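Undergrad: Line order of the protein sequences matches chains A and B.
Reading the first sequence from the start, the letters are residues 123 to 437 in our numbering.
Reading the second sequence from the start, the letters are residues 25 to 329 in our numbering.
Just so you know, the hints here were simulated from the structure itself, not pulled from any lab data.
Keep in mind that the hints are not guaranteed to be accurate.
[Unchecked claim] Far from chain B, by Cβ distances over 10 Å, these chain A residues were calculated:
# : residue
1 : 222
2 : 234
3 : 378
[Said to hold, decoys possible] From the structure, some residues in chain B lie toward chain A, with a derived Cβ separation under 7 Å:
# : residue
4 : 52
5 : 137
6 : 169
[To be verified] Covered, in the sense of this in silico footprint (three residues per stretch, anywhere, with C-beta under 8 Å from a C-beta of chain B), are these stretches of chain A:
#  : segment
7  : 279 to 286
8  : 298 to 307
9  : 366 to 374
10 : 381 to 395
Remember, predicted model here, so these are calculated numbers, not experimental data.
Note that beta-carbon positions come from the ideal geometry of N, C-alpha and C, so glycine has one too.
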Amino acid sequence: MRVRTTRSTARSAARSTGASGIPAQRGKRAEGPRGSRVGSEGGLLNVFSHGVLLLWALMVTLPLLWAVMSAFKTDKEIFTSPWSPPSGLHVDAWGRAWYQAHMSQYFLNSLIVVAGSLAGTMLLGSMAAYVLARFEFPGNRFLYYLFVAGMSFPIILALVPLFFVMENMHLLNTYPGLILVYIAYSLPFTIFFLSGFFRTLPTSVAEAALIDGASHTRTFFQVMLPMARPGLISVGIFNFLGQWNQYLLPTVLNVGDDDKKLLPQGLVALAVSQGYKGDWSGLFAGLVMAMLPVLGAYIVFQRQVQAGLTAGALK
Amino acid sequence: MQHGKYRFIAGFLVLPLAIYGIFVISPFVQAIYYSFTDWTGLSPDFRVTGTENYRRLWNDDVFWTSVGHNVLLLLVLPLVTIGLGLFFAFMLNVGGRRRKNAAVAGVRGSGIYKVVYFFPQVLSIAIVALLFQFAYNPNSGALNSFLSAVGLDSVRPEWLGDPDLALWCVMAVMVWSNVGFYVVLFSAGMSSIPRDFYEAALLDGANRLQTFFRITLPLLWDTVQTGWVYMGIMALDSFAVVQIMTIGPGGPDYSTEVLSFYLYTKAFRDGQAGYATTLGVALLIVTLIFAGIVMKLGRRERLEY
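Looking at chain A on its own, in the form it has when it is part of the complex (with noise of 0.2 Å):
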């Protein structure tokens, strides 16, 4: 009820006010004194904005380049003039950082962590969630909500018994215990989003694929899953760079061997271990070689990912 009243009063005000001789002030008038002080308002408000908007971006990126140019320096340059350009392009701290200091090990450990949990959670979210959104069964709403509660809950209550838990099962520190933890935690989001998703695709496609003698299981394959596409580009991105740079859980759940640990966590042990050294260039080296890839990829992507990152929140 509400929802049409502010409708229709918001647009019957705009067209009372129209009806009531302004568009006659639009004619002739325009340039009287309403006009221009709307306009010269708009021009000052104008500059202001870029103004403002101009500091913001500068705040952002200053931080950024000032570790993109200390990664070219050499140490003693990034003490004694820390906002100068370096004085010529030193890579060798990024050799030190690359092979030395495990950089390489740690890109890889996390690309197999992360293409095993993606690839996990887009296939089991997307089942559960179609299965809860189109099926009607004893215990749907319960088991919806038992998922979505997770996006709620802080996790570090559960890190504690969940330590335990991945020792006794020997998946402490291995690659298969990080996917399936990683998977486990994506879920609730992943359910929640996608099931909201199949609940607006339409049922006659599927129905008529039924009718066909295609079987419930091909039917999700072939017909419903193509049909979803965007809601599963959208919540893959979303889940990617969560699990990507993730840190909580590896710090916890990972504590083995020093080359087996994962990106986020593997740079603040480089952090630790080249800050008693005093290799700070191969600190910002190991730093920007961490960052690059992720902005390189998003400003490529950057509707998507703008998209899927904010998707969320805006349902």
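Keeping the supplied structure of chain A fixed, place chain B upon it in accordance with the hints.
TA: The following block gives chain B in isolation, referenced to the frame of chain A:
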């Protein structure tokens, strides 16, 4: 037919449920149980001690310090981050020079601003925290050398080393990394508000401040509320920034200690897993109270257009 349907449903649910049950639900339930025990986490032996952990919690000064910091983060972070997000999004969408026939116009290059603002959002919090750890370095960090460069050589604060400043440094980093998300989020919401609403308001003589508070904000209210919950949950966590960036970690004189990090040290450094889960239950309670308050205060009739 029916039989086939139920077999299909069970087949699709069994694996996700099993994984979720083992790695998420069961640890949460166990955590609540362990909070009533004296379990060290180092050996499998423990005994049930009833509410002793909770009594200890009540008299634990570090716990109350952490709660205080969490509440401060919870009040300041969403307000500042969402405030800035709304401000920048409004500037992007209606701060432009008016063109012919348009009541409002976005600034030129708004797409580029949004791309840049979003940068920190795609980086791991570990990268962000490390970056600012160096930036805050009192001797050679970006901030203090900038202060020297502009002639403020006498100021040069200790940043993370100063107990009065350290927590604000943590907050600044979290604001820095999250504002972009809200700019993009609110911007998407604002661009779906019909233009004729603004036209009608401008014709009635409303200025931009009035259009923001009377049109934009009410129509965005749902999104703002969701954003508030997101940011609140982020403020209650803040584990990574505190653990990676602050001195100690935990700050000089516990000045950046927060519940999540205190829990972590109790469980994985001090061998007090039982007490750590008690801290976790306290954190859960704070989270639920926060969510309840936001939902209660934010309840309004939903506007659709």
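Undergrad: Now tell me, hint by hint, if it's right for this structure.
TA: Going down the list of hints, with the structure as the test:
No beta-carbon of chain B comes within 10 Å of the beta-carbon of residue 222 of chain A; the shortest separation is about 18 Å. No beta-carbon of chain B comes within 10 Å of the beta-carbon of residue 234 of chain A; the shortest separation is about 17 Å. Even its closest Cβ contact with chain B, about 14 Å, leaves residue 378 of chain A beyond 10 Å, as expected for a residue assigned away from the interface. A least Cβ separation of about 5 Å between residue 52 of chain B and chain A falls short of the 7 Å threshold, and the interface hint therefore holds.
At its closest, the beta carbon of residue 137 of chain B sits 5 Å from a beta carbon of chain A; the interface hint therefore holds under the 7 Å criterion. Taking 7 Å as the C-beta cut-off, the interface hint given for residue 169 of chain B holds, the closest approach to chain A being about 4 Å. By the rule of at least three residues with a Cβ nearer than 8 Å to a Cβ of chain B, the coverage given for the segment 279 to 286 of chain A holds, with 8 such residues. Chain B is given as covering the segment 298 to 307 of chain A, and this holds because 5 residues of the stretch bring a CB closer than 8 Å to a CB of that chain, at least three being needed.
Only residues whose C-beta sits within less than 8 Å of a C-beta in chain B count toward coverage, and the segment 366 to 374 of chain A has 7 of them, enough to reach three; the restraint holds. Under a criterion of three residues with beta carbons nearer than 8 Å to beta carbons of chain B, the stated coverage of the segment 381 to 395 of chain A is upheld, 6 such residues being counted.
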